[in-house]
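S.K.: Below, each chain spelled out in residue letters.
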Amino acid sequence: MHNKAHLTLLGKSSNVGLARITTATFASELDFTLSELEEIKVAVSEAVTNCIIHAYPMDEGIIELDLEIEDCKLIIIIKDQGIGIKDIEAVLQPSYSTKEEHMGLGLAFIDSFMDEFKLISEIDEGTTLRMIKIPEQLKNTVE
Amino acid sequence: MHNKAHLTLLGKSSNVGLARITTATFASELDFTLSELEEIKVAVSEAVTNCIIHAYPMDEGIIELDLEIEDCKLIIIIKDQGIGIKDIEAVLQPSYSTKEEHMGLGLAFIDSFMDEFKLISEIDEGTTLRMIKIPEQLKNTVE
Amino acid sequence: IGEIRRYLRDNNPIRVSRSLRDTAYKALQIKENLKNKNSEEPSLKEIARELGIPRSEITYALDAIQDPISLFEPIYH
Ligand SMILES: Nc1ncnc2c1ncn2[C@@H]1O[C@H](COP(=O)(O)OP(=O)(O)O)[C@@H](O)[C@H]1O
Ligand SMILES: Nc1ncnc2c1ncn2[C@@H]1O[C@H](COP(=O)(O)OP(=O)(O)O)[C@@H](O)[C@H]1O
Ligand SMILES: [Mg+2]
Ligand SMILES: [Mg+2]
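Residue numbers (our numbering), protein chains in the order written: chain A, 888 to 1030; chain B, 888 to 1030; chain C, 263 to 339.
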């Protein structure tokens, strides 16, 4: 099974839902349960919200969402061209946030809900988050 | 109010739902009723299905969906790089189809469900369908 | 026009689609039933097969009945 889609959107809060539903709909081709689809939606919401709040603090930048199904794996790549991350090690710590009122749990959620995730960033160039999720059902049959 | 999104997808029938849901979610920022959202979904399904069946009869080509909200109007542009349409006048006739088993009503539905629509095509270059829908509620207040 | 009417009567895409809420609750109900029967959570695919509604429409309906998640609020407390 192979499929691909690409969504480009403006970084405004009303578009978080668009990213979430498009991803969940794309993902539903695989054997995910409703709870797994919820986890995917939370991960995408957190990632897109990070782009809106952190990557583009001043204006509405562009967010790119790459969706791919390959060998029954769901691959999600979320890319911004925002301010970038100075210390990746630091932001990966749970409860770490560069914004006072924020919980700093977004990336921790992503870590716990996805099978793999990787953050790549360059100051003033932008940030790319790559996540992979495999249906639990499939993992069980493979074992 | 202004918003924009762009979805690129592979022309396979399992992606018709993706185009429908992404468009309906994007559109729901405007004051459409549920039945208007259903009409939008039907129009998008018909248009994307046309790309899959007619524009790319042999392979899975790429379909581009441009979504825009401008002055409370929803603008949907669906583009393929397929075989194109020889006689646009002819295909706009209800019940006209170049495929035997087909009803030839897709474009008629689009015509009746959308406020404006325009078909532009070039043989071997591809086809672009541009559609506009305005919430009924809004039309009533303007009058 | 007569033909369009006939087509709509036979396959009315609007009438066929039940209300979002109805679809969402039916999907959740089927999920529970299948879970009890097989003692493991069914996939959306299985729910869609049982319900006879496309997966994408179920995803859409389920999202529609959820409380909108606030952008600046953590999702789980
Ligand atoms: N796309 C991004 N661009 C720039 N910085 C980011 C991005 N995503 C995450 N960060 C940084 O990582 C930190 C931790 O993110 P997260 O775990 O989601 O917590 P929170 O969003 O609550 O701060 C953020 O405070 C921010 O400094
Ligand atoms: N994207 C497209 N590329 C090429 N031809 C198209 C495209 N969309 C529509 N057509 C042509 O227009 C005709 C009428 O389309 P439609 O009203 O949807 O009816 P049907 O799909 O049932 O044939 C099609 O039979 C086809 O010849
Ligand atoms: Mg965050
Ligand atoms: Mg058609």
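It should be emphasised that the hints constitute simulated quantities derived from the structure, not laboratory data.
Be aware that one or more of the hints could be misleading.
Cross-link-like lysine to aspartate or glutamate pairs, in silico, DMTMM-like; alpha carbons within 20 Å at most [unchecked claim]:
1. A/K891 / B/D953
2. A/K899 / B/E988
3. C/K297 / A/E1023
4. C/K307 / A/D958
5. B/K899 / A/D946
6. B/K899 / A/D958
7. B/K891 / A/D958
8. C/K297 / A/E955
9. A/K1026 / C/E303
Some chain B residues well away from chain C (every beta-carbon gap over 12 Å; in silico) [as the list claims (entries may be wrong)]:
10. V903
11. D918
12. I940
13. D958
Just a few of them, taken from the derived set where beta-carbon distance is under 7 Å, the chain C residues facing chain B [to be verified]:
14. G314
15. Y322
16. Q328
Note that the Cβ used here is the ideal one computed from N, Cα and C, for glycine as well.
S.K.: Determine for every hint whether it applies to the structure shown.
M.R.: Each hint tested on the structure:
A C-alpha spacing of about 17 Å is found between A/K891 and B/D953, which places the hinted pair at or below 20 Å, so the restraint holds. With a C-alpha separation of about 44 Å, the suggested pair A/K899 and B/E988 falls outside the 20 Å cut-off, and the hint is violated. Only pairs whose Cα atoms come within 20 Å are accepted, and C/K297 paired with A/E1023 is accepted, the gap being roughly 15 Å. Taken as a hint, the C/K307 and A/D958 pair is honoured in the structure, with Cα atoms around 17 Å apart against an allowance of 20 Å.
Proposed proximity of B/K899 and A/D946 is contradicted: the alpha carbons are some 36 Å apart, above 20 Å. Note on B/K899 and A/D958: the hinted pairing holds, with a Cα-Cα distance of about 17 Å set against a maximum of 20 Å. Straight-line distance between C-alpha atoms of B/K891 and A/D958 comes to about 32 Å, which puts the hinted pair past the 20 Å bound. Under the criterion of a C-alpha separation no larger than 20 Å, the hint pairing C/K297 with A/E955 is inconsistent with the structure, at around 29 Å.
For the hint pairing A/K1026 with C/E303, the CA-to-CA distance comes to about 14 Å; that is within 20 Å, so the pair holds. B/V903, annotated as away from the interface, has a beta carbon of chain C within 12 Å; the closest lies near 8 Å. Every beta carbon of chain C lies more than 12 Å from that of B/D918, the smallest distance being close to 16 Å; the non-interface claim holds. For B/I940, the non-interface assignment is confirmed: its Cβ lies about 17 Å from the closest Cβ of chain C, beyond the 12 Å cut-off.
A cut-off of 12 Å between C-beta atoms confirms that B/D958 is not in contact with chain C; the least separation is 25 Å. Hint status for C/G314: violated, given a least beta-carbon distance of 14 Å to chain B, over 7 Å. The restraint placing C/Y322 at the interface with chain B holds, with a minimum CB-CB distance near 5 Å, inside the 7 Å limit. Among the interface hints, the one on C/Q328 is violated; its C-beta lies about 13 Å from the nearest C-beta in chain B, farther than the 7 Å criterion.
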